Amino acid sequence: AQSVTQLGSHVSVSEGALVLLRCNYSSSVPPYLFWYVQYPNQGLQLLLKYTSAATLVKGINGFEAEFKKSETSFHLTKPSAHMSDAAEYFCAVSAPQGGSEKLVFGKGTKLTVNP
Amino acid sequence: GAGVSQSPRYKVAKRGQDVALRCDPISGHVSLFWYQQALGQGPEFLTYFQNEAQLDKSGLPSDRFFAERPEGSVSTLKIQRTQQEDSAVYLCASGSGRGAGELFFGEGSRLTVL
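The listed protein sequences correspond, in order, to chains W and U.
Its first residue numbered 1, the first sequence is counted upward by one per residue in the numbering used here.
Its first residue numbered 1, the second sequence is counted upward by one per residue in the numbering used here.
Hints were generated in silico from the structure; no laboratory data involved.
Predicted model only: the values in this text are computed from it and were never measured.
Among these hints, one or two may not hold up.
[Unchecked claim] Derived EDC-like pairs: lysine to aspartate or glutamate, alpha-carbon spacing no greater than 20 Å straight-line:
(1) Lys49(W) / Asp85(W)
(2) Lys49(W) / Glu71(W)
(3) Lys107(W) / Glu102(U)
(4) Lys107(W) / Glu85(U)
(5) Lys57(U) / Glu71(U)
(6) Lys107(W) / Asp63(U)
(7) Lys107(W) / Glu44(U)
(8) Lys78(U) / Glu52(U)
(9) Lys110(W) / Glu44(U)
(10) Lys110(W) / Glu107(U)
(11) Lys14(U) / Asp63(U)
(12) Lys78(U) / Asp18(U)
(13) Lys110(W) / Glu88(W)
(14) Lys58(W) / Glu88(W)
(15) Lys58(W) / Glu102(U)
(16) Lys49(W) / Glu102(U)
(17) Lys49(W) / Glu64(W)
[Unchecked claim] Covered by chain U, per the in silico footprint, the following chain W stretches (three or more residues, Cβ under 8 Å):
(18) 34 to 48
(19) 103 to 114
[As the list claims (entries may be wrong)] FRET-style restraints, in silico, Cβ to Cβ:
(20) Lys14(U) / Lys68(W): 46 to 52 Å
(21) Gly28(U) / Glu66(W): 29 to 35 Å
(22) Lys14(U) / Gln42(W): 23 to 29 Å
(23) Gly28(U) / Ser52(W): 36 to 42 Å
(24) Gln17(U) / Gly16(W): 33 to 39 Å
(25) Pro79(W) / Glu71(U): 45 to 51 Å
(26) Leu18(W) / Val30(U): 35 to 41 Å
(27) Gln42(W) / Gly59(U): 32 to 38 Å
(28) Arg64(U) / Leu56(W): 43 to 49 Å
(29) Leu18(W) / Thr76(U): 42 to 48 Å
(30) Arg22(U) / Leu7(W): 43 to 49 Å
(31) Gly8(W) / Gly97(U): 32 to 38 Å
(32) Gln80(U) / Val29(W): 14 to 20 Å
(33) Ser52(W) / Gly16(U): 47 to 53 Å
Backbone N, C-alpha and C fix where the C-beta goes; we use that ideal spot for every residue, glycine too.
Just chain W, same shape as in the assembly (with noise of 0.2 Å):
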């Protein structure tokens, strides 16, 4: 089975700070892992996934995560923060050796930006 964890349901900063989304997963074989972002009133939009090959994964926008094995971590992060980052964002873990693409979410994080 399968399950992720985001550490904090909200998350503020200020404009041009980096942002730090947490996520730890918990997979019985090696797993393949997402970061979505949600839009008020919109479906899940892929900023980039794991899928074994570089664990420094780098996605839209200039989001990046870096999977931590050790650390069963996923955490999504940026440098610097724009308003239009303000969003949900969803961490999710997949077991490709199924032949399925099922995604197993967190509850997800809300970041707000302030100016």
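Following the hints, put chain U in place on chain W, whose structure we already have.
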């Protein structure tokens, strides 16, 4: 189509009514998933199709929930005798089925049960 399309975007139902939510996946996508997202929560898995076969329905909360994908393309999620706790956004996602893991999500159908 260019993306996953869901309809209706908004649905208000009286308790006890039946509702049907439609999902039109990306053309050629083999996998189709339904998720339920309650207010302030992450998406919760409901069910999964590979082509027309429903391979996993372990997340359906009760026998009032039923999903189908008869021709392996468009899918319908039906909720019978709706209850207030069914109020949520229902998200549909499709994937290539090649195990790369990326799912493409629609904008969701927001159901409000009064």
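Okay, the hints, checked on the actual structure:
Using a Cα cut-off of 20 Å, the hinted pair Lys49(W) and Asp85(W) holds, with the two alpha carbons roughly 18 Å apart. This hinted pair checks out: Lys49(W) and Glu71(W) have alpha carbons roughly 18 Å apart, not beyond 20 Å. Simply put, Lys107(W) and Glu102(U) have alpha-carbon atoms about 19 Å apart, close enough for the 20 Å limit, and the pair holds. Only pairs whose Cα atoms come within 20 Å are accepted, and Lys107(W) paired with Glu85(U) is accepted, the gap being roughly 18 Å.
Restraint check for Lys57(U) and Glu71(U): the C-alpha separation of about 18 Å stays at or below 20 Å, so the hint holds. This hinted pair does not check out: Lys107(W) and Asp63(U) have alpha carbons roughly 25 Å apart, beyond 20 Å. Between Lys107(W) and Glu44(U) the CA atoms are separated by roughly 9 Å; this keeps the pair inside 20 Å, and the hint holds. Taken as a hint, the Lys78(U) and Glu52(U) pair is honoured in the structure, with Cα atoms around 16 Å apart against an allowance of 20 Å.
For the proposed pair Lys110(W) and Glu44(U), the alpha carbon gap of about 17 Å is at most 20 Å, so the pair holds. With a C-alpha separation of about 18 Å, the suggested pair Lys110(W) and Glu107(U) falls inside the 20 Å cut-off, and the hint holds. For the suggested pair Lys14(U) and Asp63(U), the alpha carbons sit about 19 Å apart, so the restraint of at most 20 Å is met. Pair hint Lys78(U) plus Asp18(U) holds up; C-alpha atoms about 7 Å apart against a cutoff of 20 Å.
With a C-alpha separation of about 4 Å, the suggested pairing of Lys110(W) with Glu88(W) holds against the 20 Å cut-off. Between Lys58(W) and Glu88(W) the CA atoms are separated by roughly 19 Å; this keeps the pair inside 20 Å, and the hint holds. Proximity of Lys58(W) to Glu102(U) is assessed by CA-CA distance (about 15 Å); at most 20 Å being required, the pair is judged to hold. Using a Cα cut-off of 20 Å, the hinted pair Lys49(W) and Glu102(U) holds, with the two alpha carbons roughly 8 Å apart.
The straight-line distance between the Cα atoms of Lys49(W) and Glu64(W) is roughly 9 Å, inside the 20 Å bound, and the hint therefore holds. Requiring three or more residues with a Cβ within less than 8 Å of a Cβ of chain U, the coverage given for the stretch 34 to 48 of chain W holds, as 8 such residues are present. Restraint check on the stretch 103 to 114 of chain W versus chain U: 6 residues with Cβ-Cβ distances below 8 Å, three needed, restraint holds. Taking 46 to 52 Å as the suggested C-beta distance range, the pair Lys14(U) and Lys68(W) conforms, at roughly 50 Å.
One distance hint, 29 to 35 Å for the beta-carbon pair Gly28(U) and Glu66(W), holds here, with the actual separation near 33 Å. Here the CB-CB span from Lys14(U) to Gln42(W) is close to 27 Å, well matched to the stated 23 to 29 Å. Under the hint 36 to 42 Å, the C-beta atoms of Gly28(U) and Ser52(W), about 25 Å apart, miss the expected range. The beta-carbon spacing between Gln17(U) and Gly16(W), approximately 50 Å, falls outside the hinted interval of 33 to 39 Å.
One distance hint, 45 to 51 Å for the beta-carbon pair Pro79(W) and Glu71(U), holds here, with the actual separation near 47 Å. Range check, Leu18(W) to Val30(U): Cβ separation about 40 Å, and the 35 to 41 Å hint holds. For the pair Gln42(W) and Gly59(U), the supplied restraint of 32 to 38 Å is violated, since their beta-carbon distance comes to about 22 Å. Between Arg64(U) and Leu56(W) the beta carbon distance is about 45 Å. The supplied range of 43 to 49 Å therefore holds.
Between Leu18(W) and Thr76(U) the C-beta distance comes to about 45 Å, which sits within the given range of 42 to 48 Å. Roughly 37 Å separates the CB atoms of Arg22(U) and Leu7(W), a value that falls outside the hinted 43 to 49 Å. Take Gly8(W) and Gly97(U): their Cβ atoms lie about 34 Å apart, and the range 32 to 38 Å holds. Between Gln80(U) and Val29(W) the beta carbon distance is about 36 Å. The supplied range of 14 to 20 Å is therefore violated.
One distance hint, 47 to 53 Å for the beta-carbon pair Ser52(W) and Gly16(U), holds here, with the actual separation near 48 Å.
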